[in-house]
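Undergrad: Take the two lone chains, each set in its own frame, and fit them into one complex as the hints suggest.
Sequence lines, in order, name chains H and A.
Position one of the first sequence corresponds to residue 1 (our numbering), numbered consecutively onward.
Position one of the second sequence corresponds to residue 1001 (our numbering), numbered consecutively onward.
Bear in mind the hints are in silico, worked out from the structure with no lab data behind them.
Note that CB positions come from ideal geometry on N, CA and C, so glycine has one too.
Heads up, incomplete: computed chain A residues facing chain H, CB under 7 Å, no partners named:
| no. | residue |
| --- | --- |
| 1 | 1274 |
| 2 | 1277 |
| 3 | 1331 |
| 4 | 1340 |
| 5 | 1341 |
| 6 | 1344 |
| 7 | 1345 |
| 8 | 1346 |
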Amino acid sequence: MKYVDEYRDPEVARCILDRIRAVTTRPAVIMEVCGGQTHSIVRHGLDRLLPESIELVHGPGCPVCVTALETIDRAHAIAQTPDVVFTSFGDMLRVPGSRDDLLGLKARGADVRVVYSPLDAVRIAEREPKKRVVFFGIGFETTAPANAMALREAKRKKLTNFSMLASHVLVPPVIASILQAEGNRVMAFLGPGHVCAVTGYRAYESLVRRYKTPIVITGFEPVDILEGVLMTVLQLERGRAVVENQYVRGVQPEGNPIARELVEETFEVTDRNWRGIGAIPKSGLRIRWEYREHDAERIFDVGDVVTQERPECISGQILRGRKKPCDCPAFGKECTPRTPLGATMVSAEGACAAYYAHGRRRGGDAAAPPPPSRRPS
Amino acid sequence: MSSELRSDPRAAEVIGAACPLPIRERDVVVLGHGSGGRLGAELVERLILPSLANPTLAELDDQAVVELEGGRVAFTTDSFVVTPIFFPGGDIGELAVNGTINDLAVGGARPIALSLAFILEEGFPLADLRRVLASVHAAANRAGVPIVTGDTKVVGNGSGDGIFINTSGIGVVPPGIELGSARVRPGDAVLVSGPIGEHGIAVLASREGLELGGDLRSDTAPLHGLVHALLEACPAVHAMRDPTRGGIAATLVEIASRRSVGIDVDEAAVPIQSDVRGACEILGLDPWFVANEGRLIAFVPEEHAETALAALRAHPQGRRAARIGTVTREHPGVVVAHTPLGSKRVVDLPFHEPLPRIC
Chain H
1 MKYVDEYRDP EVARCILDRI RAVTTRPAVI MEVCGGQTHS IVRHGLDRLL PESIELVHGP
61 GCPVCVTALE TIDRAHAIAQ TPDVVFTSFG DMLRVPGSRD DLLGLKARGA DVRVVYSPLD
121 AVRIAEREPK KRVVFFGIGF ETTAPANAMA LREAKRKKLT NFSMLASHVL VPPVIASILQ
181 AEGNRVMAFL GPGHVCAVTG YRAYESLVRR YKTPIVITGF EPVDILEGVL MTVLQLERGR
241 AVVENQYVRG VQPEGNPIAR ELVEETFEVT DRNWRGIGAI PKSGLRIRWE YREHDAERIF
301 DVGDVVTQER PECISGQILR GRKKPCDCPA FGKECTPRTP LGATMVSAEG ACAAYYAHGR
361 RRGGDAAAPP PPSRRPS
Chain A
1001 MSSELRSDPR AAEVIGAACP LPIRERDVVV LGHGSGGRLG AELVERLILP SLANPTLAEL
1061 DDQAVVELEG GRVAFTTDSF VVTPIFFPGG DIGELAVNGT INDLAVGGAR PIALSLAFIL
1121 EEGFPLADLR RVLASVHAAA NRAGVPIVTG DTKVVGNGSG DGIFINTSGI GVVPPGIELG
1181 SARVRPGDAV LVSGPIGEHG IAVLASREGL ELGGDLRSDT APLHGLVHAL LEACPAVHAM
1241 RDPTRGGIAA TLVEIASRRS VGIDVDEAAV PIQSDVRGAC EILGLDPWFV ANEGRLIAFV
1301 PEEHAETALA ALRAHPQGRR AARIGTVTRE HPGVVVAHTP LGSKRVVDLP FHEPLPRIC
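So here's chain A without its partners, still in its complex pose (with noise of 0.2 Å):
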């Protein structure tokens, strides 16, 4: 925990009042709460340790000291800055945590411990960071990894757009385990857990305002059960992706350009939701390119992709998980889709971030 974060020993007793009784004379977020004066530390010691529970980051020291049995240390990084921050299926503070949980199973790792940096602008609601809090202790609980360290700034009005998380994560990937992008090879199937583009087209909807009808809700989870379950049954795995930003097709044509193998995907075997289809049809969006935060995509022998493709649709959340293509020695560094009528088409990443089209 850092120094900002970090309580006057005094202050509960000058406050004379115990946890979690709502902070005093405030309900929105003032630069004091970013100081290292009694503000601050209120913050944390009435909303935030209450909040989050756990006896590892109630020590308020300058680090987390925690135990790492046998294996190699995983480590990520990731930063938040969804807006809204409440939306259909998810908010800000659950996908902080299932994206760097994410981030760590994908590479095979056991997620062990999380830290949580809020950046906070002036202003924002106490309410909702009650909210988001509590999002992160359900989806921290949910996923049974702890966060044991934090911090929290606060930047003035107009310096920030509400409330920016971000989440860092340690992990250990079992002796055994060896995943990477480096180990696809010609022949390898690839895998999808399942149906995609469910959390940009959320996220996009609520933002703008847009009833698209349907239940467009955010595919927000934590991935290190599902990848378990795989990895028990398939320790084969060459290697897994989340597909977040960019979707499906940024993570394929990556991989194809910086392994330098082609890449031909069935364009009728990818999972997507007619609400999904519904709403890029309507949006002139391609839901390859929109971004998923509940899905994997794997890599696997060709050999045991039945196996591979029947553990993931055996756990829950990979029912519909579908083998979309395969790794090929032709055209090396491009993702080739071929369409149901039998054409196929190059698939490139846009230089922008896609923007609906105007019709």
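Okay, chain H solo, but in the shape it has when bound (with noise of 0.2 Å):
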């Protein structure tokens, strides 16, 4: 399969991990940013291919694992309500709030429904006039020209019966605060590709600027991740900081300024509460109010949300690269895909959950690699 394929060959693969052994010559923790990342090293084993002295460390990037506990609530809240129609991306179906999860309401009368694209959501807004249809928008920078273009859409139509839960988040004040925090171990990111192609890379210039900290912009296939990973470990030994971009395929350096403008129009920056990792000032988007007849946060009032996390979950510090999954003494006992404890439980391309799925569990599994002194040199 063209555009797939190639960045699956083994042979390039097996060269791109020669050459990352030949030039490695000291101990680099390298965080993936992204979900889509994340699941694609574990899934393909990436990281059991690299030299020992590399550590990745799984960054916030997913974008449901992420979303605060309250907005997820509020969607429960509103789902509830008389005549309205939940719509939402499938992932978020299975992640639970305070009580319930989005499933459990369906299967309890609520009306919800998964569409493939907001602007399903809108067709079934015009379709069915007496209900209130509600999106769920959630998702970092990439989802949220699509999102942009359904509030246009509904704005254009003037369907009063299409709103949007919002609840977008940004990838940039998010690496901001790993760095800035306390014991941080991150010495490099492999960036968001898919992020960066709707906004360009600008604003990673500054923040390597400011933190000495090379990022490379990396796609999802095992041969971008490798690849990104020599670029960074290249600029590690050679003591450089600076963004580069592997993911030349999908990404510039301006990113997609019609997107960026859509996303403009609709949506303004706002201070938001991350799931397990807590209040990041300016890290979101939220509907601007040219656009207020269709946010659902100030259409519905569902009263005051009031959640409870569970303390046991170091989903915070994994979400930050202090902590692995296998960490934790609740990972694969009290906390699973069917009962997580917290944020990087709750989506498939969580961190917990793609090592939960590939049997990484706690002592060890039967993929895992020889130790150290079977292990071929």
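TA: In structure tokens:
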């Protein structure tokens, strides 16, 4: 399959791995930002192919995971409102709020529907004028343009029965927050390829200058990720810190101007709570006043939402790269994808869920490489 | 045939019309079609019986009596609730016939007879029912397995999803054929009869109105011919499964965990059509977990693996059969995928039906 097979080519991967081994002389802790990258790394076992001195830690870039609990509880309250059709991407349906998840609400009679695009939700609003159709608009900068398009379409068509519960989050502020935090271990980042396809990477240049930390904008296939690691390691070995673009087939320095303009027109920057991490100033997007008729947060008064996270969950430390899923005493025991305790287990792309799905349990797993003494040199 | 479906013997006379004329005055299922009254009789006499045309069914007795020759009886049942009922490559009727035949076939049984029970929702278009019946008839004819008994119930509007079908089937397992997951042994080769994931992706794309391009069609097909060819060439086969819901991953994980064996799978060897791969990439699904309706997985002793593979490939339904893995003593209960990159990962079941990811 074109555009996939060449980026999964075992020969190319082997060449890059050889090169990584040849240039690595010191330990490196590299964080991949995106949940999609984490998923690919664990699925293809890429971290286990790297030299032992290179540690990949898993970042906060799974939008489903980091959506604040109060936003999810608010979504659930709206979904239970009479005459509401609550629409969402599939993977938000299982994310537990304080009391339930959307699948549970659907089973008890709420009209919850999976859509593949926010524009599908707009079409439902057109088709069912007596219903109030709400779309759950979460995600990073990547999903914002499509959501912006839906808002613009709804406004243009004067669909007063369409609204969006928007809770977008932004990557550069969370990278800064990780680098500022006490005890930070992250020495370099594999930057978010899809996010930068929209935003470009100018914002990352100021991060690199300020924190002297390399960022390599990286794709999602095995060869992309290994090449991203190689470029990062080369910077660390040479004492450099610049923004580099591994994902040239998807990312332009200025991103996608049309998409950016759309987002700018409909959304504005706001402070945002991140599940597992906490409040980060200016780290999110909310719907602009001009689009308030379509802002579910303004339209639906669901009262005060009181939330409670489980105290034993260490997802905050995992999202900052301080710990790995297997370091958590609850991982695979009290905390599984069926009974998630926190952010990183709730979505398939969360680090804990990815580890769990691919059998990486505490105390090792059947697919783990043999101990170092038996590994071929 | 249960009493709900038996006709009033005077019905045809009273109505005074010959089959298969359309049912008078109605173009949708109404509650009366499920009653013991005249409408129910009309539905059976004018629509169902003419569509399925076989003498045992036409007797309309409370039961079908079927002659069985030597061997053990295999018996299976399955219900079909697929949405949409018509999808590229098949429909609910064909699926119901093939699905039940396949459950018998992978046990080494020669299918003998099927039952067919409908649960129809009030308001379901009779034209669609006619289309489903035609498809049931064609599938049963193609497979050479008659529908010998049946039932129809009607539920009120909103209590169903148009049409549900239950089919049961009996078959005969010839002497000497011993198949079952209990016979799977370390060292067995794992074969798959063709590319995976086509049914699940075709239905999903059709249900959600996704325009994914390519030619995505369900693989629904009866497997008993392919099974017969395989067992003729290689009676030593230990077990077979048709990997329907949950895909090949669910089948392999179930056998590994229930039989306490490990299974190593070579990811690169698993045949997947590029259309299906592309759709899965776009939707964030793993084709290993996507349903199949016309594929089988066979566990074959190593020394017979080549013969079995050749037999599968010689059959029109098995041209793209492949050996995908090996049963092992290592890591009992666990399926391990070996990636083309040289790494390994554990394959485990998701807790829920896979849903497309956000990005």
